[in-house]
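Working from the sequences, and respecting the hints, build out all of it.
2 protein chains.
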Amino acid sequence: MQSFQLLAEKFTLHFDKKHFPEQPASLYSPNEYFLGLGGKRIRPVICLMGNELVDEINPDAWHVATAIELFHNFTLIHDDIMDQAPLRRGFETVHKKFGENTALLAGDVMLVKAYEYLGKIDPAVIHPILHLFNSTAREVCEGQQLDMDFEKQEEVSFEDYLKMIELKTSVLLAASLKMGAILGGAGQRNQDLLYQFGKKLGIAFQVQDDYLDAFGEPEKFGKQVGGDILSNKKTFLLIHALEVADATQKQQLKNLLASNDADKVEKIVAIFKACKVDEWALQLKNKYLDEAFAHLEDVAVLSKRKQPLKALAQFLVHRDY
Amino acid sequence: MQSFQLLAEKFTLHFDKKHFPEQPASLYSPNEYFLGLGGKRIRPVICLMGNELVDEINPDAWHVATAIELFHNFTLIHDDIMDQAPLRRGFETVHKKFGENTALLAGDVMLVKAYEYLGKIDPAVIHPILHLFNSTAREVCEGQQLDMDFEKQEEVSFEDYLKMIELKTSVLLAASLKMGAILGGAGQRNQDLLYQFGKKLGIAFQVQDDYLDAFGEPEKFGKQVGGDILSNKKTFLLIHALEVADATQKQQLKNLLASNDADKVEKIVAIFKACKVDEWALQLKNKYLDEAFAHLEDVAVLSKRKQPLKALAQFLVHRDY
Numbered sequence: 043m044q045s046f047q048l049l050a051e052k053f054t055l056h057f058d059k060k061h062f063p064e065q066p067a068s069l070y071s072p073n074e075y076f077l078g079l080g081g082k083r084i085r086p087v088i089c090l091m092g093n094e095l096v097d098e099i100n101p102d103a104w105h106v107a108t109a110i111e112l113f114h115n116f117t118l119i120h121d122d123i124m125d126q127a128p129l130r131r132g133f134e135t136v137h138k139k140f141g142e143n144t145a146l147l148a149g150d151v152m153l154v155k156a157y158e159y160l161g162k163i164d165p166a167v168i169h170p171i172l173h174l175f176n177s178t179a180r181e182v183c184e185g186q187q188l189d190m191d192f193e194k195q196e197e198v199s200f201e202d203y204l205k206m207i208e209l210k211t212s213v214l215l216a217a218s219l220k221m222g223a224i225l226g227g228a229g230q231r232n233q234d235l236l237y238q239f240g241k242k243l244g245i246a247f248q249v250q251d252d253y254l255d256a257f258g259e260p261e262k263f264g265k266q267v268g269g270d271i272l273s274n275k276k277t278f279l280l281i282h283a284l285e286v287a288d289a290t291q292k293q294q295l296k297n298l299l300a301s302n303d304a305d306k307v308e309k310i311v312a313i314f315k316a317c318k319v320d321e322w323a324l325q326l327k328n329k330y331l332d333e334a335f336a337h338l339e340d341v342a343v344l345s346k347r348k349q350p351l352k353a354l355a356q357f358l359v360h361r362d363y
Numbered sequence: 043m044q045s046f047q048l049l050a051e052k053f054t055l056h057f058d059k060k061h062f063p064e065q066p067a068s069l070y071s072p073n074e075y076f077l078g079l080g081g082k083r084i085r086p087v088i089c090l091m092g093n094e095l096v097d098e099i100n101p102d103a104w105h106v107a108t109a110i111e112l113f114h115n116f117t118l119i120h121d122d123i124m125d126q127a128p129l130r131r132g133f134e135t136v137h138k139k140f141g142e143n144t145a146l147l148a149g150d151v152m153l154v155k156a157y158e159y160l161g162k163i164d165p166a167v168i169h170p171i172l173h174l175f176n177s178t179a180r181e182v183c184e185g186q187q188l189d190m191d192f193e194k195q196e197e198v199s200f201e202d203y204l205k206m207i208e209l210k211t212s213v214l215l216a217a218s219l220k221m222g223a224i225l226g227g228a229g230q231r232n233q234d235l236l237y238q239f240g241k242k243l244g245i246a247f248q249v250q251d252d253y254l255d256a257f258g259e260p261e262k263f264g265k266q267v268g269g270d271i272l273s274n275k276k277t278f279l280l281i282h283a284l285e286v287a288d289a290t291q292k293q294q295l296k297n298l299l300a301s302n303d304a305d306k307v308e309k310i311v312a313i314f315k316a317c318k319v320d321e322w323a324l325q326l327k328n329k330y331l332d333e334a335f336a337h338l339e340d341v342a343v344l345s346k347r348k349q350p351l352k353a354l355a356q357f358l359v360h361r362d363y
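Residue numbers (my numbering), protein chains in the order written: chain A, 43 to 363; chain B, 43 to 363.
Just to be clear, a hint being listed does not mean it is correct.
Note that identical chains are pooled: a pair holds if it fits in a single copy or bridges any two copies.
Claimed, not checked - The calculated lysine to any residue pairs, modelled on SDA-like cross-linking and capped at a C-alpha distance of 20 Å, are: (1) K162 <-> N297; (2) K194 <-> N143; (3) K275 <-> N143; (4) K275 <-> S199; (5) K162 <-> H173; (6) K194 <-> S273; (7) K306 <-> L254; (8) K139 <-> E193; (9) K138 <-> Q126; (10) K60 <-> N176; (11) K205 <-> E64; (12) K315 <-> A67; (13) K348 <-> S45; (14) K275 <-> E308; (15) K59 <-> H114; (16) K138 <-> M124; (17) K139 <-> T54; (18) K306 <-> A287; (19) K348 <-> F133; (20) K205 <-> Q349; (21) K205 <-> S68; (22) K194 <-> G141; (23) K306 <-> Q293; (24) K275 <-> P128; (25) K138 <-> D191; (26) K194 <-> S71; (27) K205 <-> P66; (28) K139 <-> E333.
What the hints contain is simulated information worked out from the structure, not anything from laboratory work.
The structure is reproduced here in structure tokens:
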């Protein structure tokens, strides 16, 4: 079992190459630009770790990990269009730099490229991998749609938001891990436990993401701090604040949500702090992390093989970027 | 060998069902709406015909044909966003009816659904099918990008336009036929000849499409007549007109292209007629049809088995909608 760090370096060496032809450059250079912005590569590496948990890395796992990372980048390009996000990883988003139509098409072709890598794997495992990849891809789209739907609703329950996050974020982490486990030859029970571990970890990961949007340090975070607040995105923080705020604070929050004040972010963050939303979020994150670890505990492999996954989970929920 | 008509009826019976879950309805009802608008179903049926040319229909051909039709509909939904098209098949486009973000996501999930059907086929044939499907899908995206690039160029050569049309339109017809042939067990030479037949047929098909945009009868055509002209799309007609027009006509054309006159379509069509672009287009169409038939002639199967494909080709290039 190799550490996340080591596997991430190996994956980066494998992944950081041109994935697209030269021409037409108007289509493919936006793709290479976006991939060149880097990223944490968590999903592909967790796939490799899922494989290594049970056996040596299957050569097909590199193809599947690459497909997963391309799929993730496809979702980012399209989500950035939908969210009208100006920045991604501190740089201009594809639609800002190249226009919306090109970004739309660049995303499409990124998704097709993901399937090109899946098309390389051994026919003996292609059915379970494609099945899981496809159902997960659809769920991620469902999550993004719910996310957009929620922007138009005045209030969203914690349960509905949780369901959306599971679809939009958790299932891809969970499926990445499970695909790795499938390629490593894991049995059904271990596959399922790893999927559950990934799902809970994904929720903890999103709590941290929501937390960083409001409380992160701009120079580390990469994205626009307060981006969720400016676009009136429902987040774990906002939903909880609306639940625990007193009548005055709740009214202030609603007024701020309806406004475009220059200090909207600052004022909403101040209410979050007054309601101790920051402390609550850290507790919530740890709750899901504990649940994730309970599933990992039950996976029937030697305990020491689980160390790298545990370390990764700790890193993901304590990162500041 | 069954006729296009008969196979189209069988395909319609097979295809006209719900392809998506009920929830979230905000995502999936736009998909069902768009599929419900119907269509000529040419590409999936030509896949079935490619199969039947060589052998009885392989059950997997229905999955592949379904994937092809879903892929085609994915491209239409996204192209309509990029082209800002108000109508498709006489009805509101998805982005007009449901908003651009939902249309973007509905297209994405339509593409994923296509791969769900591909994921059902026998692992013994999945590699060649996925390989051809993926490379074709990327080529179609390349064609759409070139099409958008050309809109910004003042002049486009006939050769460049032809290359774009091959990518955007022809390769999907060609690949549909070839995938059917692969599933029917055709040898490599027959597969390649059918691909060439499909490619030439695709060009003739597009010539007719461009022709109908300017000279079609609105009540039969379904789309907005003159839509290409209004969006300054380079077409076979416009490119040829700019080549053969005299200096006065050429200047008039350029002025009209730069304008948004209420009678822009009418005036440009009048110049097309004065330059005999309509007659030229019909000849061009027949040239490519003849070339297509020469390839079909060389396919090593009994001549009578080719009749339905010949009849379909005739229908496609003489249709008025």
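Results of checking the hints against the structure:
1. K162 <-> N297: Neither way: K162 and N297 sit 54 Å apart in one copy and 52 Å across, limit 20 Å.
2. K194 <-> N143: between (25 Å within a copy, 13 Å between copies)
3. K275 <-> N143: Answer is between; shortest inter-copy Cα gap is 15 Å, intra-copy 24 Å.
4. K275 <-> S199: Cα proximity of K275 and S199: one copy only (13 Å, versus 48 Å across).
5. K162 <-> H173: both (15 Å within a copy, 8 Å between copies)
6. K194 <-> S273: within (11 Å within a copy, 33 Å between copies)
7. K306 <-> L254: within (17 Å within a copy, 53 Å between copies)
8. K139 <-> E193: between (25 Å within a copy, 19 Å between copies)
9. K138 <-> Q126: both (8 Å within a copy, 19 Å between copies)
10. K60 <-> N176: Between. Shortest inter-copy distance 18 Å satisfies the 20 Å Cα cut-off; intra-copy 25 Å does not.
11. K205 <-> E64: between (41 Å within a copy, 16 Å between copies)
12. K315 <-> A67: neither (48 Å within a copy, 36 Å between copies)
13. K348 <-> S45: Classified as within: same-chain Cα gap 10 Å, cross-chain 60 Å, threshold 20 Å.
14. K275 <-> E308: For K275 and E308, only the intra-copy Cα distance (15 Å) is at most 20 Å; the inter-copy one is 48 Å.
15. K59 <-> H114: within (17 Å within a copy, 30 Å between copies)
16. K138 <-> M124: The answer is both: 12 Å in one copy and 15 Å across copies each meet 20 Å.
17. K139 <-> T54: Classified as neither: same-chain Cα gap 25 Å, cross-chain 42 Å, threshold 20 Å.
18. K306 <-> A287: within (17 Å within a copy, 60 Å between copies)
19. K348 <-> F133: neither (35 Å within a copy, 56 Å between copies)
20. K205 <-> Q349: neither (29 Å within a copy, 54 Å between copies)
21. K205 <-> S68: Between. Shortest inter-copy distance 16 Å satisfies the 20 Å Cα cut-off; intra-copy 38 Å does not.
22. K194 <-> G141: Result: close only across copies, 13 Å inter versus 25 Å intra.
23. K306 <-> Q293: Classified as within; 14 Å inside a copy, 54 Å across copies.
24. K275 <-> P128: Close inside one copy (16 Å), not across copies (30 Å); limit 20 Å.
25. K138 <-> D191: between (24 Å within a copy, 17 Å between copies)
26. K194 <-> S71: Classified as between; 18 Å across copies, 35 Å inside a copy.
27. K205 <-> P66: between (40 Å within a copy, 12 Å between copies)
28. K139 <-> E333: Neither. Shortest intra-copy (41 Å) and inter-copy (43 Å) distances fail the 20 Å Cα cut-off.
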